[in-house]
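Residue numbers (the working numbering), protein chains in the order written: chain A, 1 to 91; chain B, 92 to 523.
List of simulated lysine-lysine pairs, PhoX-like, C-alpha gap at most 20 Å:
no.	chain 1	residue 1	chain 2	residue 2
1	A	K11	B	K197
2	A	K72	B	K256
3	B	K233	B	K96
4	B	K265	A	K76
5	B	K451	B	K375
6	B	K336	A	K72
7	A	K33	B	K333
8	B	K307	B	K173
9	A	K31	B	K265
Pulled a few chain A residues facing chain B out of the computed Cβ check, cut under 8 Å:
no.	residue
10	I34
11	I37
12	P40
13	A41
14	L61
15	E62
16	A65
17	Y79
18	R81
19	G83
FYI, nobody ran anything at the bench for these hints, they're computed from the structure.
Predicted, not measured: the structure shown is a model, and the values here were computed from it.
Using N, Cα and C, we set each Cβ at its ideal position, and we do this for glycine too.
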Amino acid sequence: MNIDDKLNKLKYNCDTVSHLNPCAADCKECKSKICTIICPASVYEWDEENRKLIVNYENCLECGACKIICEKKSLKWDYPRNGKGVTFKLG
Amino acid sequence: MEQNKIEVIIVGAGPAGIAAGITLARANKKVLIVERGSFAGAKNMFGGAIYVEPTKEIFPNFLEDAPIERFNIEHRYVLLTKEQSTTISYKTQEYTKNSCSIIRAKFDSWCVEQAKKAGAYFAPNTVVKSLILDKGRVIGIKTDLEEYYSDIVIIADGVNSLLAKQLEMRKTIKPKNVALAVKEVYKLDKNIINERFNLNDNTGCVCEFIGYPMDKELGLGFLYTNKNSISIGLGIGLEDIKKQKLNVNDVLEELKKHPTIAPLIKDGELQEYSAHLIPEGGFKKIPKLYANGVMIAGDAAMLVNNLHWEGTNLAFKSGKLAAETAIEALNNNDFSENSLSLYQQKLENSYVIKDLKTYKDILNNIEPRSASFFGYYPKKIAEFFKIFTTVNAKPKKQEFRKYICSWFTDRSLRELICDIFTIIKSVMGVLK
Ligand SMILES: Cc1cc2nc3c(=O)[nH]c(=O)nc-3n(C[C@H](O)[C@H](O)[C@H](O)COP(=O)(O)OP(=O)(O)OC[C@H]3O[C@@H](n4cnc5c(N)ncnc54)[C@H](O)[C@@H]3O)c2cc1C
Ligand code: SF4
Ligand code: SF4
Numbered sequence: 001m002n003i004d005d006k007l008n009k010l011k012y013n014c015d016t017v018s019h020l021n022p023c024a025a026d027c028k029e030c031k032s033k034i035c036t037i038i039c040p041a042s043v044y045e046w047d048e049e050n051r052k053l054i055v056n057y058e059n060c061l062e063c064g065a066c067k068i069i070c071e072k073k074s075l076k077w078d079y080p081r082n083g084k085g086v087t088f089k090l091g
Numbered sequence: 092m093e094q095n096k097i098e099v100i101i102v103g104a105g106p107a108g109i110a111a112g113i114t115l116a117r118a119n120k121k122v123l124i125v126e127r128g129s130f131a132g133a134k135n136m137f138g139g140a141i142y143v144e145p146t147k148e149i150f151p152n153f154l155e156d157a158p159i160e161r162f163n164i165e166h167r168y169v170l171l172t173k174e175q176s177t178t179i180s181y182k183t184q185e186y187t188k189n190s191c192s193i194i195r196a197k198f199d200s201w202c203v204e205q206a207k208k209a210g211a212y213f214a215p216n217t218v219v220k221s222l223i224l225d226k227g228r229v230i231g232i233k234t235d236l237e238e239y240y241s242d243i244v245i246i247a248d249g250v251n252s253l254l255a256k257q258l259e260m261r262k263t264i265k266p267k268n269v270a271l272a273v274k275e276v277y278k279l280d281k282n283i284i285n286e287r288f289n290l291n292d293n294t295g296c297v298c299e300f301i302g303y304p305m306d307k308e309l310g311l312g313f314l315y316t317n318k319n320s321i322s323i324g325l326g327i328g329l330e331d332i333k334k335q336k337l338n339v340n341d342v343l344e345e346l347k348k349h350p351t352i353a354p355l356i357k358d359g360e361l362q363e364y365s366a367h368l369i370p371e372g373g374f375k376k377i378p379k380l381y382a383n384g385v386m387i388a389g390d391a392a393m394l395v396n397n398l399h400w401e402g403t404n405l406a407f408k409s410g411k412l413a414a415e416t417a418i419e420a421l422n423n424n425d426f427s428e429n430s431l432s433l434y435q436q437k438l439e440n441s442y443v444i445k446d447l448k449t450y451k452d453i454l455n456n457i458e459p460r461s462a463s464f465f466g467y468y469p470k471k472i473a474e475f476f477k478i479f480t481t482v483n484a485k486p487k488k489q490e491f492r493k494y495i496c497s498w499f500t501d502r503s504l505r506e507l508i509c510d511i512f513t514i515i516k517s518v519m520g521v522l523k
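All chains, please: the whole structure from these sequences, using the hints.
What follows is the structure, given as structure tokens:
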């Protein structure tokens, strides 16, 4: 089963602004782009053409791993506002 | 300022926050529990099982009233290589004595209802953005919308604790201080679960998976039986995830394909996929636990005993002790750091700090030897049983001799010596 099918099972109440804010300048310099590899919801993709990190924040599971692992320690990470974001109906 | 003022504010409606809230409410203190999820449990995930005695201490009626899935009577340790498995199982019939599986969304909600019945106020859908300080003392919280004031704030906001960080009571979390876990829940008819695991409607089984596909990392897989579903997942140290460039979802996919595991979840319908961090720092990473007007409890204080998947019990206990400290402070009208230092004393006298101290070096010891303990030994154990159970035309003595020699010739002798040393060091560390 691919990750999109898994995420489709989840209930999201999406915020209109992203709670995940990488530093564009740092991402350009970043060698590992480790966030694009480890995120369990595949939120991050590297857009080589525009040299920019794409952040599908709507899919975030709010685990916090990307914030801790970020190569440049510059990923601004917050909780979505007012109960928004993912809801685990089981957990 | 007095308008939005209450005696105690608790941030986070997980086990730590709820235990603190209900303890305060039972002592007739005015307490508000603030939760960012739309209900208690909405943002929470665990294995998992809660433990009967520590839960009873907070909710004496929980065995009768709480939404419990199954009482665990069997605990299996399953060592995996790519194709083989060796299982050690412990089984007991004393089934209401130790642990039971629960679904966090249901259980946390039930817990918060009990706290509300006892008189606590509950505010869901509310993210605490920061703490309000006045002359070095915490005097309240700032949410998305409003400010609230209190004599004491108890921080129980879980592993990522942005608030403990704001106060600099805790250092920035490093990859080696946490593990990243993913879990899936599969819906299955209860009779199928009963048959597959040899259970009845009320009894449950816990499996821990050691080895493949986490044979180079500090990682562990788990499976819990619920009433009508099975939870399966794994956790891997974030430092190893970084080094090996792993995606935990891919690793879980590998684990589920294993010939020993695939039949256990066969035909199950995926109900939910989730991810969460687990504190791994142990005793050495416990932050400063109190300051003027504030205390930290549960995962926010890194109070988890990884080796036993114990977290909810330590959260319950630390939340309760923080609340007892708050009650005394309120009675004496003294919210200073000095007054709240009682919390540290109470924790040190309880099993919480004692146990974490006992295990303080184990993960550090094992981590550098992960490939050995999670890769090499599961393989060697499977190899032994293969020889032991295989009937072929070869003389047994020759086979055994070859096997014993392989322990010394597979790898450099140094590896074996390092492992023996690690085991001795770890056992001594626990017993000393
Ligand atoms: C995969 C996995 C398996 C586990 N298995 C087990 C097990 O089998 N048995 C066991 O006992 N333990 C287990 N644990 C550990 C256990 O889940 C935790 O130790 C326990 O939940 C900690 O409780 P807590 O109240 O401290 O934190 P949490 O349960 O994380 O609760 C924190 C709460 O605070 C809220 N919050 C956070 N920030 C804010 C904010 N700024 N504003 C408002 N609200 C906020 C969150 O939404 C959450 O509800 C497991 C953990 C994981 C990840
Ligand atoms: S790891 Fe950090 S710096 Fe690197 S791409 Fe990701 S967010 Fe940017
Ligand atoms: S918090 Fe977790 S799920 Fe969300 S983007 Fe970061 S790593 Fe991915």
